[in-house]
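In order, the protein sequence lines correspond to chains A and B.
The C-terminal position of the first sequence is numbered 341 in our numbering, with every residue numbered one higher than the one before it.
The C-terminal position of the second sequence is numbered 1166 in our numbering, with every residue numbered one higher than the one before it.
Since the hints were made in silico from the structure, they are not lab data.
Given the structure is predicted, the values throughout are model-derived calculations rather than measurements.
Just to be clear, a hint being listed does not mean it is correct.
Unchecked claim - No more than 35 Å apart at the CA atoms, straight line, and that leaves these computed lysine-lysine pairs for DSBU-like:
no., chain 1, residue 1, chain 2, residue 2
1, A, 144, B, 1163
2, B, 1133, B, 1110
3, A, 315, B, 1163
4, A, 144, B, 1085
5, B, 1085, B, 1162
6, A, 144, B, 1024
7, B, 1133, B, 1122
8, A, 319, B, 1133
9, A, 319, B, 1163
10, B, 1162, A, 319
11, B, 1162, B, 1090
12, A, 319, B, 1129
13, A, 144, A, 315
14, A, 61, A, 33
15, A, 9, B, 1129
16, A, 315, A, 33
17, A, 9, B, 1162
18, A, 315, B, 1162
19, B, 1122, B, 1110
20, A, 144, B, 1162
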Amino acid sequence: MDIAFIIEKLILISAILGISLVIAMYTTLAERKFAGFFQDRVGPNRAGPWGLLQPLADGVKLFTKEEIIPTHASTFLFVLGPSLSMFTACITTAVIPWGQDLFLFGRQVSLQVADINVGVLYVFGVVSLGVYGVMIGGWASNNKFSLLAAVRSASQNISYEIAMGLSIIALLMMTGTLSLREISEQQAGMNWNVFYQPLGFLIFMICSFAETNRTPFDLPECETELVGGHHTEYSSMKLGFYLFAEYINMFVSSAIMASLYFGGYNYPFMHLISNPNVAALIGVAAFFTKILLFIFFFIWVRWTVPRFRYDQLMKLGWKVLIPLAIVNIALTGAGILIFGK
Amino acid sequence: MSHSLFYLLSFITLFFALLVVFAKNPIHSALYMVMTFFAITCHYLILNAQFLAIVNFIVYMGAIMVLILFSIMFLNLNQATEPQKSSLLKFAGVISAGLLMLTLVGAIVKTGGGDVPFELIKPDIGLVKNLGKVLFNEFLLPFEIASVLLLSAMVGAVLLAKKEIN
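Bound-form chain B, shown alone (with noise of 0.2 Å):
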């Protein structure tokens, strides 16, 4: 059941992932988009990781996407007026490309992949009250690191947005 669940996810995470990039319209690649991250989290859920899936709901495909949506409809890009990319930044860009994809392929075939495709050893680790002991336990230091790391990210943007005065 899980089995079949899991492959039929894939095959649509992929599915859509594939159009993102395919799709001619930048508004069709962005509804896509908003579709893979929907996969994602139903993925999340057949590993019991509600709080995980409901995370990654809200905000990717109810803030990220929406902003990237947003960004897009202003731009109103097509084939005119869509600049040119030099050949040896496309060069560059299929090398660099090509890297990420031997790293991935390493690390999977490091990890052994069997013929099961996910097992969890504790299933109820991803629920809201397992994952909130351990982020305020054992992960403190690095669960607020990371918080400052975002506010301080997010006053650098008001910062640059600002309007200098004169």
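Bound conformation, chain A alone (with noise of 0.2 Å):
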């Protein structure tokens, strides 16, 4: 492993890090404004032109504002939970092929982090932990609503995941690989898989909006029932951790979506560029699109979309969404014993 190798990936770390940071700073306030605009509103205009400090002041407020600790929490778990949302949120980050390699200073760059054979369960390893921070910080705050909120998020999270995982496998099925990159390679000039999973991709992205607790599953945090859901008892900054998590869980899972279901890095005429760092780029920016067009998604449905009750979203989960992902294997088994991979 030689000097070069570590300073190529400690700056691809730090720039996806520091990349899906301000795209989830960004996400909130597109959310908002997007929102005003649902809503016949303005949104945010006040900070800088069109509301663009409008992130930076929020997360002035969020530093600045008193932290609260209750005093029967349970104080290292009570820090714990939103420490370790932020944490699952962000590594998923290390497996998502962002791009075809780059040739620099004669070097071959790859960008990806790593490239494990195992990918794609590693990411679904990831959003099975997700759910440690809200349960926890649930169950620190010593709070009726939390408990009732960890409880809720801990039974959606699982239920969601047997129709997520049931939904990767169909694709799995097809592609015949678990790693994410050689995924991304086959759907090379608009072979993408969602042309050939509409069902599993569906399943998937359904089985997103609940992994990711955004609405129509906001279940956790559901205000009408629960006060402030999992994260009433916190405030300052670690309140923003929680609610800024959501933001980054969005993010990854719209770059997992494309890369899995909307070719990744791909784009229509990608092979008439001969000048491969050229393509690259185009690439990764074709990529970046493709996440944005998804949280613009994300945040359409929040603002359309009312919350499910709450048997209604079991009654999702159970009935409607595990039969149909068990279909869905089924129909792509008969496909690859018919036509062919």
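Put the complex together from the two separate chains, hints included.
Listed below in structure tokens is the structure:
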């Protein structure tokens, strides 16, 4: 392992972390702007031109607020909850292929932090860890509403993880690999998986909404029933971490959806560009365009669809999505048997 | 390198495993257990068994421990409500645990633990591809029987949990 390799990875990791934080920051602004548009309002427009400095103002506000830790709360776990939420939100980006290899200074630079051969399962594993942040925080707050939210969120995540895993199985049957890089490569030239797996993609997307706790599945923080949900007792930046982790999760799951189903960094007429560096950079731009479109879709759904009731949520997860995902696996199997790959 | 890593991981595993037993608060116990499972996942990783590692991660850390935490949170356990076990039960527990330890020690002594903590004959054996080939060729029948067993357990659990309709 040489020094250049370590420097290369360090730069890549810092860049990815920075980009995901900035995108998450501005997603909060975009959310409020779009919410304003959907509700025929203006949205935040005071801080900076078109309200562009609003996320900074929010950040400063959250950092400078008084920090309150409830007296009967378990302090260590109370702090651990939001930290864990933030941590699990950030680590998924390690296996996402952001673009094709670049050729810089005579080196082949991979735009992926780690190409592990169980990439898809790694993503799935981190998703299943995500619930700990909410559960630990909710329990440590020593508040009935927080506890109820924690329990809700645990049952919601476990229920939707199953359907998510089943929908990925159908995809893996087609691609024959667990590496996200190879899955992206196979989709070159508009050969996107979504055309072969429309049902699988639909199930995966619904489950991503549930796993990121976005409306219509934002039951863990359902204000009408649970005050503030799992973060009722949180203040200052610890609350900020919970809210911010949601936006990073949105970014990450958009990236996963784009690379699993929407061709990743591939774009039409890619093979016509002779310079590999230019082709790769346009690929990165194409990937981020897809990600931003998905983020817009997340926001769009949030301000259009109302929240599910708890029993509706469970019914949808167990009685609709899981059987559909199993049907999808059977259909994919039949398709592979008849048409070949 | 890998030897010292192995000993470090073993220490962490045993340390958290002991904390699971000694922690007063059941929630803390469960969280220490999560850490134990994480250390075991790392053990699989240094054995180059990536698939087993990630499955251990998903199933034990991500699903089973979440469910255990889930049920503990509902129970609200503390000293006052905890039922006191009779001394006979405690005695039986000590004896069975001692027997288990005897078996384990016997097994370890039988295998003749040398200086090398582990040695892989085929380093690639744990990768997904090789595991899949072995699982669906040589061990197809046991694999299918195990899945039928799991399915029947699931159906049984649903049947037990179902309300009786009168």
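Tested hints:
Restraint check for residue 144 (chain A) and residue 1163 (chain B): the C-alpha separation of about 28 Å stays at or below 35 Å, so the hint holds. For the hint pairing residue 1133 (chain B) with residue 1110 (chain B), the CA-to-CA distance comes to about 31 Å; that is within 35 Å, so the pair holds. Between residue 315 (chain A) and residue 1163 (chain B) the CA atoms are separated by roughly 17 Å; this keeps the pair inside 35 Å, and the hint holds. Between residue 144 (chain A) and residue 1085 (chain B) the CA atoms are separated by roughly 30 Å; this keeps the pair inside 35 Å, and the hint holds.
Only pairs whose Cα atoms come within 35 Å are accepted, and residue 1085 (chain B) paired with residue 1162 (chain B) is accepted, the gap being roughly 31 Å. Among the hinted pairs, residue 144 (chain A) with residue 1024 (chain B) is consistent with the structure: their alpha-carbon atoms are about 22 Å apart, no more than 35 Å. A threshold of 35 Å between alpha carbons decides the hint, and for residue 1133 (chain B) with residue 1122 (chain B) the separation of about 15 Å falls inside it, so the pair holds. With a CA separation close to 33 Å, the supplied pair residue 319 (chain A) and residue 1133 (chain B) stays within the 35 Å bound.
Between residue 319 (chain A) and residue 1163 (chain B), the direct Cα distance comes to roughly 17 Å. Compliance with the 35 Å bound is thereby established for this hinted pair. At roughly 15 Å between alpha-carbon atoms, residue 1162 (chain B) and residue 319 (chain A) fall within 35 Å of each other, so this suggested pair holds. Only pairs whose Cα atoms come within 35 Å are accepted, and residue 1162 (chain B) paired with residue 1090 (chain B) is accepted, the gap being roughly 34 Å. Of the pairs offered as hints, the one joining residue 319 (chain A) and residue 1129 (chain B) holds, with about 33 Å between alpha carbons and a cut-off of 35 Å not exceeded.
A distance of roughly 25 Å separates the Cα atoms of residue 144 (chain A) and residue 315 (chain A); the hinted pair therefore holds under the 35 Å criterion. For the suggested pair residue 61 (chain A) and residue 33 (chain A), the alpha carbons sit about 19 Å apart, so the restraint of at most 35 Å is met. Proposed proximity of residue 9 (chain A) and residue 1129 (chain B) is supported: the alpha carbons are some 27 Å apart, at most 35 Å. Taking the CA atoms of residue 315 (chain A) and residue 33 (chain A), the gap is about 33 Å. The hint holds against a cut of 35 Å.
The hinted pair formed by residue 9 (chain A) and residue 1162 (chain B) fails the criterion: a straight-line CA distance of about 53 Å is larger than 35 Å. Under the criterion of a C-alpha separation no larger than 35 Å, the hint pairing residue 315 (chain A) with residue 1162 (chain B) is consistent with the structure, at around 15 Å. About 23 Å separates the Cα atoms of residue 1122 (chain B) and residue 1110 (chain B), which keeps this hinted pair within 35 Å; it holds. Note on residue 144 (chain A) and residue 1162 (chain B): the hinted pairing holds, with a Cα-Cα distance of about 28 Å set against a maximum of 35 Å.
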